[in-house]
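A.B. asks: Once you've looked at the hints, go ahead and assemble the two chains, each given alone in its own frame, into the complex.
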Amino acid sequence: MYETFDWRFLGADTVLEHRVEADDGALLVWRSITTGEVLGQLPVHEVPRFVWHLPQTPVVERLARVTEMRAIVPLVTLDTRLDSLRLIDDDDKTLARVTLDRSTARGGGPLPAVIDLNPVRGYDAEARALEELLAAQIGLVPDTEDVTIAALRAVGFAPGSYSSKLRLALDPASTALDAWTTVLRALFATMQANESGLRGDVDSEFLHDFRVAVRRTRSVLADAKDIIDPDVRAWARDEFRWIGQVTSPPRDADVFLLALPAFEDALPGERRRDLKAFQAFLEEQQVRAHAELVAALDTERYRSLTGRWRELLDEGFSPAEGSARPEPPDAGAPAVGIAGAHIRKAHRRVIRDGRTINSASHPEELHELRKEAKRLRYLLECFGSLYPPDLVTPVVRELKDLQDVLGAYQDSQVQAEGIEQLGQQMLEKHGAPAAALLAMGGVVEHLDDIGRDARAQFAARFAAFDTKSVRTSVEQLGRPKDGARSGG
Amino acid sequence: MKVIATYNLKGGVGKTATAVNLSYLAAAEGARVLVWDLDPQGAASFYFRVKPKVKGGGKSLVRGKRDLDDVVKGTDFEHLDLVPADFSYRNLDLVLEHTKRPTRRLGQLLRPLRKDYDYVFLDCPPSISLASESVFEAADVLLVPLIPTTLSLRALDQLDRFLENADLRKPPRVLGFFSMVDRRKRLHRDVIDNVTAGRRRVLRTRIPSAMDIERMGQRRKPVATFAPRSRSAAAYRDLWSEAKTRF
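Heads up: the sequence lines are chains A and B, in that order.
Per my numbering, the first sequence starts with residue 485, numbered consecutively.
Per my numbering, the second sequence starts with residue 108, numbered consecutively.
Here chain B stands alone, though its shape is the one from the complex (with noise of 0.2 Å):
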């Protein structure tokens, strides 16, 4: 099993999309997936048209009262399912906090279910706090969506540093891509040739600025199952084949 976890300390930079788009991808392929939408807004949950509700709420996840098991909702996919977002993930980082071994908490809700899964990804809230420490801890690789500006790039580095100054058992393998590019935009271009230069950690497949992307939330759907020819469709396939090589 390999948790993929969606992360960026800002909003709106395409990390649900992410995260929707590619586990429909793994699964299309034959591979049993999990989403886990950990972001108090739901917006994957909402895609999947799963109800944004937890039993218990959150918390009786966190404090061990639920298996993680009796909470996953399939998904209209086969292989494809989901922890849907509950409101009270708003609460987590406080939850967590009253927890014996806080940033281990997410990995063991995980455990168990080592051998349903071959892909979990977890779709994470935009902050550096507990929760998310819990999720570099849990996860084995973090997928950084990153808008070309010299500022977004500046938070791949302070995501590098915490990395490197957490207390991680295993720190995940960070990987960057250039997500909402308008090519039209001289800043995206220049940003993304600069770094293409000399960045290793950032891969190569661009995702566009597009309708589709946008569109998703009105058809509530993966891209590739409304408009599978697009370029949206066609740059979130690429960008799966080329994660994949380097998990």
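Okay, chain A solo, but in the shape it has when bound (with noise of 0.2 Å):
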């Protein structure tokens, strides 16, 4: 069985097995685990690491739309012994078809022994009377849980537990220090269950999520002044702010080969294999960059890093033993009161400045607005649930609209930029075809096409997030009165 490493797969009730007959025959199934149907089929001998390396067909086109950029690996293997009966009619046409399934997991010994019964469409009554036969002679009950979710927890995974989403449930009767720690031991769990796959560079997802992990843990921390002990908190920044900037250059030759297909897509079908040289370029550069993190991560300021950042973590921040030091004055207030004081503050920014931006504005003044309304993202995602959904939801998805403009914005620009700065390089290193610096030059175009669309579409994105309903919600957040769950 295969996966991505976010479960995509059973995340949308479906799994991907590979299976080899021991005549040599090898399939792809990818089947639904609600109703077992199948959903997709195709001969394959070796399971690349990302479908899009399988020949391009209508089945594969869909699995991509699952896995996007994610890589799949074998999580369990069973050896099984099938045998297949048919309910035929006078013509010989199978009306359904009936597997006994006996199957071990490797590692986790033999699972429950199971009837598959598949109708076959258009012959429905027929398969429903053979279920009946079924039910009634041997006595048989339908079972409820797939042999694949059998065997995984046969081996010891526990189904869906990655998510790159936060999901906390934070108590609202918690302290702040509580409701800080808490955050950040899940924000630090992020980044070690990431750890290992961004090592073996098996696909981009895994240094992204892990970066955003410590952005986020960054942006806690800079709201955490009064809570976290001063001494603590200024030697974390200083080193999350290293774990960032090593990351960064990896990320940025994956962002540029991950918007590669939109770049061809840009440009006219003749000049889209002139890519093929800066494609490459950036490959050896991103095998480079992520070599030089992968060593980053061998030094002993990283390993010091993580191992101090668990003891604080599994300690509480609590002042070390004898200290005279006093606890930060908000780390025992409540934390509904806290984290609501740090989200206004943080919106009241996002609209001040977003105010101030007209169509003459800098545009480092709309980079400023992003990183301010990133930061406001932040505490609504890590510290959220500590209030009522109907006032986060909103004023996310307001957030998340006004972001989205910013982000393309930001992104066409410095893309724009890096590929020009990339060209440059490709000149001086390997005196670059001038096919490809054209076609590059095409994709700078494209790129400041869409900078200027999601520069003119800033107005009415910052206008629907300068509400007077946003507005109401955030003021509400931890407010005594009715802005808490229970009482802040």
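Hints in this document: simulated from the structure, not taken from any laboratory.
Do not take every clue at face value.
Computed from the model, here is a short list of chain A residues facing chain B with C-beta under 7 Å [as the list claims (entries may be wrong)]:
#1 Pro542
#2 Val543
#3 Asp575
#4 Lys577
#5 Thr578
#6 Val604
#7 Arg605
For each residue, glycine too, the CB sits at the ideal point set by N, CA and C.
C.D. replies: Dropping the structure here:
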């Protein structure tokens, strides 16, 4: 069975299996676990890391829509004995299939035997009759759990255990220090969960999720004044800034590589191949940047950062024993009120700065606004579970739309600049072919168009965020009267 | 969803064998495929062992009483479904005449299935009639088997002219290919050599006149399932790969 690290197949109630038969036949089978229906199957001998490396067929396109940029990795291997029977009519036409499935999970022991009844479309009555017969004669009862889930459990996987979304349920009655610690712990767990895939460069999303956890950590630390001991906080902010820096170059290369198909689409057909030299250059850069990142993760600095951070999270940032230092003033205050105050402050800044932006504003101002919007978003994601969802959700929705347009603007600018720099480097190092540079010029033009569109949309998106209803929701967060879920 | 009709004015040129074998190959690659047996003789239904009967007959389909979805039957192969033939298709022209915009009816019936199938093969009866106009309107591609004779090439020209003059919103792409080719026959060789020199819309792959294809009637299966290493199975594989690049 194959899955993405973040369980995209099971998330869609499906599984992807590679079935290798004794006679050397091999099929990649994608099926629903609720109905057992085969959604797609194709002959595949070796499963590639990315589904888009398979021959382009409609089913591969559908699979790629599920995985997007994620790699598929083998999770569990079953040794299966399948005995199949067919229900046929007088023309030897199959009306239903019955299979007896006896499997052993490698590393997990034998699984319960399962009889599968697969109806053939248009012959439902025959399948139903057979089902009744099986129930009446052998006393079989319908099984509710797919054999795959049983297999995963047998080898110790908890399906759906990882998600790139922060899934927190903070206790509204907790103190600020407790809530901050819980959030930082969850973020550190995300970093740890992604580290091995990141080191192995399995796909781009391990680094992406790792970086998001680092950025959220930095944001939460920035908003931890008067909650976490100042020395600890200063140390942690420095160290996480460093981690953020060392992860930037490989991420930049990843972003370009992920955007390549869109860049190609923006060019006329005959020019598309000209980006191959650019792609090769990026791939080379990505490999180098990734190796440098892994070297940074192998340093003593990183080891001691993670070691000390884990200790602090376990011990809850309490002052060292015998230390005369007082607890920071907000640490023991209710989280609901403190987080609410931070969210309101971040919101006020977005509104203040956003209102000054007009069509003549310098790109830097939009860039600053994007950072502030991000900070607000992180606060809402990390601490939103302290408040009623009907207050938080609409704010996040409008904020997300605003961020999308700010992001599109910023990314197009940064990428256009990046492509120009890369073009220069390619010219210096390799004497890049003129066709490649021309094609890259075409991409820069396309990015300028995107940037202009995004900028044109800004006013409307900001107006949708700068509304009375959003302001009222934010104002209520953590206010004693009705903002908190319980006595905040 | 791509709609591919196997069509020729003449009967007995290998239309059904093409629909059956290509649909099987498409499904074996992982595509979701529907074959609609529009020929009242029901040869495609016969090859797939599905009884040639549509509940309420073709009439109820055309008149919109019954969704196509309700009459689809699974074949013995994964993702390969069939709308069986019904003898009442013989009256299809009569029924179509009594519906509004008769030539668009087939396309309308297929529309709800757009998300369910990657390819639909229409196996058509040999004629130019209201039913075939409806096919031309619904199909993206007409795959036309041609026996390599001068007459059959003239039929292809006639079809071209008909499509030019017909009032179609988007005429299908016509792709001919030589079928039932016997290299021992001088006429076949001459016609093929002439055409290869001149015409662009005739595919390069040729389907031989072979026992394996005739044996489909006995085996009631696509050639690739009972004679996978045969010349005819290889020819259908080539035809499918070549045709796909032209859709």
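A.B. asks: Next step is simple, just say for each hint if it's right about the structure.
C.D. replies: Hints versus structure:
With a least beta-carbon distance of about 4 Å to chain B, the hint placing proline 542 of chain A at the interface is held under the 7 Å criterion. Satisfaction of the interface hint for valine 543 of chain A is found here, the shortest Cβ-Cβ separation to chain B being roughly 4 Å, below the 7 Å cut-off. Below 7 Å, beta-carbon pairs count as interface contacts, and aspartate 575 of chain A has one with chain B at about 4 Å; its hint therefore holds. Taken as an interface hint, lysine 577 of chain A checks out: its beta carbon lies about 4 Å from the nearest beta carbon of chain B, inside 7 Å.
At a threshold of 7 Å, the smallest CB-CB gap from threonine 578 of chain A to chain B is about 5 Å, leaving the interface hint in force. The beta carbon of valine 604 of chain A comes within 4 Å of a beta carbon in chain B, closer than 7 Å, and the hint placing it at the interface holds. Taking 7 Å as the C-beta cut-off, the interface hint given for arginine 605 of chain A holds, the closest approach to chain B being about 4 Å.
Going down the numbered hints, you'll see the structure goes against none, and every one checks out.
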